[in-house]
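Participant: The letter at position 293 of the sequence shown is residue 293 when you use my numbering, and the numbering goes up by one with no holes.
These are calculated hints, taken from the structure and not from any lab test. All of these numbers come straight from a predicted model, not from anything done at the bench.
Within a straight-line C-alpha distance of at most 30 Å, the following computed DSBU-like cross-link-like pairs (lysine-lysine) qualify:
| # | residue 1 | residue 2 |
| --- | --- | --- |
| 1 | Lys34 | Lys221 |
| 2 | Lys264 | Lys208 |
| 3 | Lys77 | Lys248 |
| 4 | Lys264 | Lys77 |
| 5 | Lys248 | Lys208 |
| 6 | Lys187 | Lys10 |
Computed Cβ-Cβ distance ranges for the label pairs, DEER-style:
| # | residue 1 | residue 2 | range |
| --- | --- | --- | --- |
| 7 | Gly227 | Gly148 | 20 to 26 Å |
| 8 | Pro239 | Asp110 | 23 to 29 Å |
| 9 | Val114 | Glu224 | 37 to 43 Å |
| 10 | Ala261 | Pro118 | 40 to 46 Å |
For every residue, glycine included, the Cβ atom is placed at its ideal position computed from N, Cα and C.
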Amino acid sequence: MAEGMDFAQKIAEDKAIRGNMDKIGRKILIMSGKGGVGKTTVTVNLANALVDSGCTVGILDTDLHGPNVAKMLGCEKEILTTENDGKTFYPVEARPGLKVMSLAFAIEPDSPVVWRGPMKIAAIRQFLAQADWGELDYLLIDSPPGTGDEQLTVCQTIPELTGTIIVTTGQEVAILDARRSVSFSRKMGVAILGVVENMSGFVCPGCKTEIPIFGIGGGKKMCEQMGVPFLGRVPLEVPLMEAEDAGKSYLGMQPASPSSAALKAIAEIINSGTAVSSHRSTDFAGSASCAPSACSSCSSNCSSRKGEYVYV
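Let the hints inform the model, and build the full structure from the sequences given.
Facilitator: Now the structure itself:
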């Protein structure tokens, strides 16, 4: 239960969350075991790729200590608007078809967020309960590194979560932590949509030679060992970093670049409803049968909202 909240308030908040989430088709948690592997880069660019293909997308930034999604989308100076009652917030529209909810819209740029677990849990639940996303095809949930309060809160609060996407580099240290993210997803009973190997080779802007700065192939090897889908590898390119710092869509600026092509291919895999991997039956995940509001009226034996969750 969120800090300072009585039982009746908790039930009301759960109802509000359910109402909001039932309007959204697929909810995907994007996570990484290790920091600095480009998880937010993957989140933002997958969102842009999905919007470019005609989908409506929301990004919920649950990296409360480092909310960088708004900066990468060029909307960091925007502020949240609210109804007169102060209980309904409207996410910022970064571009037509793409909405963003982030703590960055409510704090000063240099202000640290010095919160313990209960405060973080309450903030994430508040985002889910009070943000009016409307109807969306996708909600991508960007999370901080690790398998802590933020990821646990999302998995327990959205039991029909479509699945997780795990981001790593090819470096052994990153792979070690990515394996923990795979195990976390399985322990929570959440489908694993796949693994992205980011910064997988650096393309020299001069000679165009690919240099394995962070290694190449470690993510795919891990997927083979652990029996999870490999979504693809995204090479490291300097213009991609520059586009993010400028808050511009790299896919729009350089649609034929190697990293743009890789990210668009991954988005197509996700959008096509490719089979997922988990210890339970997840054939429903990413399929047309999981349309908005399907869970609230579904009478099937799907374990999406009926499975047992492990609280750790």
